[in-house]
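Hey, can you work out the whole structure from these sequences and the hints?
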Amino acid sequence: MTYFNKDYHPPGTEPGTLVERDGAATAATLRITGIGSGKTIDKQIATPEECREYLQPPGIWIQVHGKPDPALLQRLGEVLELHPLAMEDVLNAGQRPKIDVFDDHLFVIMNLPVMNDGRISVYQVSLFCGQHYLVSLHEAPGDLFSRVHKRLLESNGRFGARGTDYLLYALIDVVIDTAFPVLERFGEELEELETELLDAPSRKTLVTIHRTRRELVMLRRMLWPQREVVNSLLRDEHPLIDAGTYIYLRDCYDHAVQIIELLETYRDTLTSMLDVYISSISNRTNDIMRVLTIIATIFIPLTFVVGVYGMNFGNNSHSPWAMPELNWYYGYPLIWAVMIAVAIGLLWYFRRKKWL
Amino acid sequence: MTYFNKDYHPPGTEPGTLVERDGAATAATLRITGIGSGKTIDKQIATPEECREYLQPPGIWIQVHGKPDPALLQRLGEVLELHPLAMEDVLNAGQRPKIDVFDDHLFVIMNLPVMNDGRISVYQVSLFCGQHYLVSLHEAPGDLFSRVHKRLLESNGRFGARGTDYLLYALIDVVIDTAFPVLERFGEELEELETELLDAPSRKTLVTIHRTRRELVMLRRMLWPQREVVNSLLRDEHPLIDAGTYIYLRDCYDHAVQIIELLETYRDTLTSMLDVYISSISNRTNDIMRVLTIIATIFIPLTFVVGVYGMNFGNNSHSPWAMPELNWYYGYPLIWAVMIAVAIGLLWYFRRKKWL
Amino acid sequence: MTYFNKDYHPPGTEPGTLVERDGAATAATLRITGIGSGKTIDKQIATPEECREYLQPPGIWIQVHGKPDPALLQRLGEVLELHPLAMEDVLNAGQRPKIDVFDDHLFVIMNLPVMNDGRISVYQVSLFCGQHYLVSLHEAPGDLFSRVHKRLLESNGRFGARGTDYLLYALIDVVIDTAFPVLERFGEELEELETELLDAPSRKTLVTIHRTRRELVMLRRMLWPQREVVNSLLRDEHPLIDAGTYIYLRDCYDHAVQIIELLETYRDTLTSMLDVYISSISNRTNDIMRVLTIIATIFIPLTFVVGVYGMNFGNNSHSPWAMPELNWYYGYPLIWAVMIAVAIGLLWYFRRKKWL
Amino acid sequence: MTYFNKDYHPPGTEPGTLVERDGAATAATLRITGIGSGKTIDKQIATPEECREYLQPPGIWIQVHGKPDPALLQRLGEVLELHPLAMEDVLNAGQRPKIDVFDDHLFVIMNLPVMNDGRISVYQVSLFCGQHYLVSLHEAPGDLFSRVHKRLLESNGRFGARGTDYLLYALIDVVIDTAFPVLERFGEELEELETELLDAPSRKTLVTIHRTRRELVMLRRMLWPQREVVNSLLRDEHPLIDAGTYIYLRDCYDHAVQIIELLETYRDTLTSMLDVYISSISNRTNDIMRVLTIIATIFIPLTFVVGVYGMNFGNNSHSPWAMPELNWYYGYPLIWAVMIAVAIGLLWYFRRKKWL
Amino acid sequence: MTYFNKDYHPPGTEPGTLVERDGAATAATLRITGIGSGKTIDKQIATPEECREYLQPPGIWIQVHGKPDPALLQRLGEVLELHPLAMEDVLNAGQRPKIDVFDDHLFVIMNLPVMNDGRISVYQVSLFCGQHYLVSLHEAPGDLFSRVHKRLLESNGRFGARGTDYLLYALIDVVIDTAFPVLERFGEELEELETELLDAPSRKTLVTIHRTRRELVMLRRMLWPQREVVNSLLRDEHPLIDAGTYIYLRDCYDHAVQIIELLETYRDTLTSMLDVYISSISNRTNDIMRVLTIIATIFIPLTFVVGVYGMNFGNNSHSPWAMPELNWYYGYPLIWAVMIAVAIGLLWYFRRKKWL
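Residue numbers (the working numbering), protein chains in the order written: chain R, 978 to 1333; chain X, 978 to 1333; chain H, 978 to 1333; chain S, 978 to 1333; chain V, 978 to 1333.
These are calculated hints, taken from the structure and not from any lab test.
Here the structure is a predicted model, which means the values were calculated and not measured.
Please note that the accuracy of each hint is not assured.
Identical copies carry no separate label here, and so any pair may be met within one copy or between two of them.
What the hints assert, rightly or not - In silico DSS-like cross-links for lysine-lysine, where the CA-CA straight-line distance does not exceed 27 Å:
no., residue 1, residue 2
1, K1016, K1181
2, K1044, K1127
3, K1044, K1331
4, K1044, K1020
5, K1127, K983
6, K1016, K1127
Below, the structure is given as structure tokens:
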């Protein structure tokens, strides 16, 4: 996850321009599923134009999976009469989650966090919800909506009878809830990090704290507006959204808020961890300094003392002032006694200072 | 209290799904208490269906204590006609406090902080308030609502006459006020921590500051929305809430706000304590360095001096330049005088620098 | 001022319960003062019931000073028909400032900061304002409202003619303005602290910064809601508050805001002071290290040099390689020349590095 | 600029009391200027009563410059029928900027920052705007409003024709815009400070950062509410303010906002500078430690080696084990070779660690 | 980019004064382009008066590029009847982005960030949008609006048919989107900075972190209000803005918000980087200290030991107490054994403490 991850056209480009991006398009797959009861359609299609015949009650769900090429998007937009600006936002990934209300359809952008080998990536999920169709477009690996797809097929029409707005809710719910396992993983990482921090902080701990904090800050930026998207669905009474769907969206909203609050708590904790790290390092420097100081402070005076009696004054015994100690009978034991006394005195001093 | 403590279904699961959780269900007890006057019912029941006959004025209070199994919850939901989404929230603990308004009942989730052996845990308390029933579900140890239960039984009908909304208030009040002893305990811990911090900060102090701060950050996240829950009861004029209950709820609201403000104050103080800790450690490093520097700075030059006269130049007295000092009559005392002068000079210098 | 300073009943206690607190009640004094013109009443009374006859125009001011016992409060509440919940808030000190609107009276709680010997304490002031009475209850030492009392008596009826709402304003004004001398005192402390911090920071400075910051954080928590209380009086058009009193309350509101802003400024400054403290300590460690490094770095090589010539190789003159320097005619002066050169070189190096 | 700079009466003093302040009143000058066209009045007056005759269309501007004595203020208030509370606010300097709306006039308090010899001071400017008069009172040195005065006199009535509200705008505009040169000066100081910080941080840098930050925090507190004052003039549609003046006030509002934003940016930058300062000091300590460590680590082992051969074991050649090295033919060069090898090895080690 | 970058007149200058600025005017070029279909005008003009004939449907776009002299601005203002206050804001660069609504035209100020050789500068772009004209004025190098100009000319009237409001949108869109490449560049710098910080932090890293943070803080201040400008266009239903343009402005608004959020994320990250930097430096000091401590702590006792046997007590063998060790047969090897044992013991101690 890089700091800047938005695709954009050169400033001044005509709005709604669909241009091939660098990481060229892969073959996107299109799948349509009828939302009606009884024997419904559920098949892969090759061209967007094949949808046209199903754009009537009970309606269909069009899943586009993969990085579609601009031409495909343009044709899809023409079939469903979607606004070019919206199609541009689908193509230029890295948008903010948002909801755009058009005359006869809603356009919702969500961000899907995916954790892969401990590193996080975020995929854009675009949803168009009309009276008789719901289009979902995303490039995330794996079959993101498989459970919803299965529920739709197995519900024997009960699911579809609730309309495209309920399907829209179901997909938004999947995208929002996908953050929970990611946050659970983060939570576990934080627990480990904290243990490491408090037990044996190392340079690696610092790097991990910084990297995790960075990921959380960026994740927060990308998930924060999702709360507002769901809130807008709840609050603005869009004619496409049935009153019965509100209770489900409220549940969704609660989850979106809970995710934001968890992210905030995590970030706050990581900021505090950085301070604890600095404290720990200071503590260790302190410990190291204490050992050095104790050893040095004890031995430096002793070394001076032994140095004194290493002087060569006494060699030339021409003067009674010249190191008479060397000639004392108990000179050597005495000097040891003095040195031991100094050492014990210093040790007592350090103990009183609580350095030992 | 782990960083992530929410139960959740895999994304895409049908809303309202009730599935057995890991920490399997224990036998939950159901108790019903009539809220009318005179001789009221008050007994443990075995199956939710037994409530059915009492779902009429004056109404009953159904207490579910313990971790109920999904089947029990489902049957309870069916008897009282509760929404499956709400039942899912009861089962999946770790929700945000919230209030959901249904056509004929209110669903309230609160968080109950409990301090046990100095470690905090948070239990979810779920409340359903209908015209003629109030259901409380929680897993907290001990008999949380015993005082309210006693007041209800002993009030000779006066309590119950105020309706299920007053009972709802009484239970919410218990849950909110339970934070006070917890915060009082935290306050005492902070006092102790502060004394330790200012008197004799140790590595343990750092760990305690961090752990306490973490607990406060998470507690704040879990209690913060309770203010909004009570405010919603006050503000939104739910038909189930009688005007006479408002004055009590306002009292509740004041307590919820006071708890949040205390938590904020505590957190702010702990953040400041971390800075004080770093300062203290720096101060101690400073003290240690000063001792080392004074000792080393005094003795290093002296050791050099005695080293000079330990050189063997004078042994070979072939040159008048070869350490004539060794042969001076007062050479040895002189060298001591020089060394004492150097030491005194340095001590004077350190005193002037206020290091002594 | 402890971190937790609220009196509370065990969770689940019936609302409005009045129970003796630990620090048992002292004899509270009751004083009533008529607010009408001419010869008005102004005397101490023994029982609340004595008020009853004056509860009519022009009305009276009932001052309760000291820690009243629950029984007294209960009887006072009965005489004036005050709500038990309000009486409970009067008894259980440590409430948040708030305003409660009842049908025929207002209940206001304010916090009064008092500085005593450099330590701050906060007293709760409770005010009930009805059509014909105003009750003030507080335990603060000294005669808090003496000036207002004197103005009321000396105004010859002009003061009282403005009604109990003007008296309410006058008392609120006293409570709010009492923060100014406290903040002035804090301001002076900050000036002193700053001088100390920038001139000669010591461990005591750190303790004082932390203690002052703690007091400000807690004071802020206790005074912050007062702004909202006054704002509510201004905004909500209570029937008891006369339009002519608004201009005075607006003045009060300005003061409340100014106090909050001063507290914020002080707190911000203290946070910054902690950083400056850390910087100062780092600076001193730096100075100390520099002295050690200069002395050690100069003498360590010199000590090595003199150590070299203290080796006993030259004693046994069996080899021309064995320290011939010892036998050079100018050996000893030469070694001094070398050592002085080394020392000067190092001093030059340190000066270039700006360490000297 | 001290931390606490508000004049206030003892709590409980009657509102509207005008009492002589400590720093007794200097002779304030009163000047009246007609705002009509043609030959208008423009003279100093001795008593407020002289204004009375001009209180009619087209109106006058009364400038009070200096610290007026209470009696003068009282008489001015009586002549113009100003509220005693407002007069008290004029006398007690150190108010928050605010706007008070009275029946027939507006009362505006602004704060004027003045930089003098690099130190900032803030003066209160009080403005009363009625239908036919505008009173300005301030104690700032110099002739603050000279340009407006000149424009008024030279406009040949065009200025005055726009009414007292336009004059009010013009004066508010002067007060607000006076912050720009002050902020420009601060900006230059920050540039210098930053250069100093990044090139050669010293103890003085720390003191300057703290002092500048303190000044900004306090300036922000005193200027922040000015935005709200101008916004209130724009938003609340006071009858005294003509619609044509709005566009000018909007310009004023933009400036007030820009000043606040600049102050915030400066403060944020200074907070960051404190961190950079700590980093710089740590960096320097690091550099110093590195030099000490390199020197000490190289010479300490060498000094040990030479110490070994200074031992007197070899003197008594009674044992072949007693320092035979001393008698080796190449003993002395060999020991040098060993020591040089150790030194080179350590240097290589330090270079690999990037300490050299 | 200096801290203070606003041009302003001396306080008290008449509003709307146009005065030559220091960095005198360069020859500004004027270009007019018809927005109608068919053969439209597109030429450079010499005087503003030449515009007059085109001020009718379909309207023209007047581009002023460069630093215009006051006289030119005044004449342009007279031709188009623009307000002098607006012209003053055009001349005095460094304004806050804002929108001013006049009776028959809108005045919009935007800020254009341009990155040049890694250093950022911000240019003011002023836009006037009337019924039949749109004026754009800016001094940014390069042909900022060339793409829009080309689209206008090549659209064969379709572009122009949407009116001046669509042209206004197109230009605002260019200005806002120009921040994307700048932020992309910043993002890359942050990536590099982070790598440097975590791998090999140096003094240069600190300077870069501070400088980048400073630029971001100032950029944020200058771009932040743009969101509000676009929001005002969306929200306030200006009669000049056609409903069909709203969808495009909404897109613009999304981009403005995304830019602000990116800036916030970057700033937050840089603040955290400063902490990481301090930690890294502490870590390195720690490493250095550890090496010093290990070496010193091992050799200081050994040096003491060898110092002991360098004392001259044994030289004068008058006493059996005088260093008999020197005469032991295995004295020298024994002393080595002791010293090696001490060294190994200390190494073992350091390893247990995890310093090795």
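Structure-based check of all given hints:
no., hint, in the structure
1, K1016 <-> K1181, "neither (58 Å within a copy, 68 Å between copies)"
2, K1044 <-> K1127, "within (24 Å within a copy, 31 Å between copies)"
3, K1044 <-> K1331, "neither (66 Å within a copy, 47 Å between copies)"
4, K1044 <-> K1020, "within (19 Å within a copy, 44 Å between copies)"
5, K1127 <-> K983, "between (33 Å within a copy, 26 Å between copies)"
6, K1016 <-> K1127, "within (14 Å within a copy, 54 Å between copies)"
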